[in-house]
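A.B. asks: What follows is each chain in one-letter form.
2 protein chains.
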Amino acid sequence: MAATMREVAEAAGVSIATVSFVVNNSKPVAPETRRRIEEAMVRLQFRRNMVGRALASRRTRVVALVYPAIEHKLGASGMEFVTSAARTASAAGYHLVLWPISNDAAELTQLVGQGLVDGVLLMEVQLEDARVEVLRATRTPFALIGRSGDLRDLVYVDIDFDATMQDAVDHLRGLGHRSMVMVTGSQADASFRAYGPYVRAEAAFRRIAAEQGFEPVVLECEQTTQSGRAAAEQILASWPGTTAVLVFNEFAAPGLLSGLLRRGVCVPQDVSVLSVLTSTEMSTSVDPPLTAFSSPGAELGRLGVRALLRVLEGEAAPPPALLPGTLVPGSSTGPAPGGGSARERHA
Amino acid sequence: MAATMREVAEAAGVSIATVSFVVNNSKPVAPETRRRIEEAMVRLQFRRNMVGRALASRRTRVVALVYPAIEHKLGASGMEFVTSAARTASAAGYHLVLWPISNDAAELTQLVGQGLVDGVLLMEVQLEDARVEVLRATRTPFALIGRSGDLRDLVYVDIDFDATMQDAVDHLRGLGHRSMVMVTGSQADASFRAYGPYVRAEAAFRRIAAEQGFEPVVLECEQTTQSGRAAAEQILASWPGTTAVLVFNEFAAPGLLSGLLRRGVCVPQDVSVLSVLTSTEMSTSVDPPLTAFSSPGAELGRLGVRALLRVLEGEAAPPPALLPGTLVPGSSTGPAPGGGSARERHA
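Residue numbers (full-length UniProt numbering), protein chains in the order written: chain C, 1 to 347; chain R, 1 to 347.
In case anyone wonders, no lab produced these hints; they're calculated from the structure.
Check each hint, because a few of them may be wrong.
Which stretches of chain R does chain C cover? Using the computed rule of at least three CB atoms under 8 Å from a CB of chain C, they are [said to hold, decoys possible]:
| hint | segment |
| --- | --- |
| 1 | 85-98 |
| 2 | 169-177 |
| 3 | 222-229 |
Only a predicted model underlies this, so the values are computations on that prediction, with no experimental measurement involved.
Yeah, the Cβ is synthetic: ideal placement off N, Cα and C, and Gly gets one too.
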């Protein structure tokens, strides 16, 4: 049978209160003392059972990061986010667990209903997100990484897509590129229609193109190297005058670059490639290293967890935060070629 | 106040039994019925609280995948594993949650002690793994992806490092390469000394080299593109006669390749590069695409979850499974160059 807190306290030679600080992770305990207590817990097979905990407190000090890993691959920028979120939660005495559940309100309803976590951090948010309604309806404390369409009462941190796309277009315009093609992610997957980031980045690109008077070309592309290579082929075939490509697709960017190089296109002499909201890991892993506006993944993780914890602790919800990507110079963008186009030079 | 199962059953026009099948995910329920019940649960703010569940049953139907994301980046092969594990659990009526906790027995002790999950799947296992002792001592049902040194009573699935390394070396020897350099992952991080995969792969390589009578060169390299490029530099500088490199490092492999190419080395004409136990996604994202023995991540995820569920259901534990990597032809390996070495040809 499982031991009691009293037995653990006696075995470790500490007060029951000290054991409970460790059990509930509710107060700092000296490392050496914590170690003694945890050894006693293991030795005596102390198991905080759900009844005991539930009667003692509703709190689990566990927060869930809901990430639909089955639909959306977690790229390097996503991992930066997860690790910084886990670190931030851990530093605050919380455990962050990842729920790689499908983008599905029913499964989320079941999990939050089990009372296994104190709060939820929701990622990969769509404009119409049924999961947001579940969290509202079940009164689950939550914060969003991203934004649904209806922002009423939402606590969220997100990327500033308008500012990032403006900076990205300005970077290319500043190099003399009169027009550019945007390669974005595919929303073919029905479960990810109206995926916030793609929708907002494309809308910003179209708005800026209209303001600056160039024809926006937007190419949807799956999250794979193969599709990136196919996108390069299509750009050279359908828009041979292209001198600059703006790619917002962590998984397709390396393929887009290699697709251009395989066709004998010089990057950046013939065509500039600018990667937006991707990880430095990806953009430095290819040759030439990609000039990029890197995703603020780690900072989003920190701010998102802090926002959720403030909600949990009953403090005033922080104001929504919008973070832009920051320019990480690489070797894939350069001055627009004087005359002619990639196609003409490489026919 | 939260609704009862009876109220949900009335609202959904079904029996209380049917509601409980959905609540406990214990029997299949027709999708349409399930939808009606879950809508009622949301509308009535039905919350299965921990007391109710604990009294009803000790089961949460949640299993945790313990992955130390903070120490070990989750690469593309790791993601293949996680998604297939999540799918397998979901198909069996379980939820798989990911615990990205540090490689730390104390934190694991706290989490399993909370009774939030029915069982644990442990990844990134080391030869001496304190987490295994915690799971044994707390009587937590668990299975390993990987193996600690002491296999007593362990339920595990792992990669067959001996067979994979033998196949990899044979592939290169078959192309006429008399010797080869192995680039493996760094174990500098104290929290990952004696990390099973690196230890077993290197031991297999050294054993095979001894059997086949060549001098094994093993280079530790951090999990980054930069370190991969540095490893290429070091190979050309310190072992200029090298004609074949065997790389077991998902994150460094692209850098190793680009480091060789930047130095004017032709792959595979001058130096063959064979990537072992990495993802097809990584090996096809570079140019030339890497010949690789791809990691059986998806299959390990399926088998690992099935093994754990059999333990949970009180069935006989399945025998340990060891899976080899499978050859995925690419363009980075070829016949050993007739005479001379990379250094001589590119001095």
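A.B. asks: Now, for every hint given, state plainly whether the structure supports it.
C.D. replies: Hint check:
1. Residue count for the segment 85-98 of chain R with a Cβ under 8 Å from a Cβ of chain C: 7. That meets the three needed, and the coverage hint holds.
2. Taking a C-beta to C-beta cut-off of 8 Å, the segment 169-177 of chain R contributes 0 residues in contact with chain C, too few for the three needed, and the coverage statement is violated.
3. Requiring three or more residues with a Cβ within less than 8 Å of a Cβ of chain C, the coverage given for the segment 222-229 of chain R holds, as 3 such residues are present.
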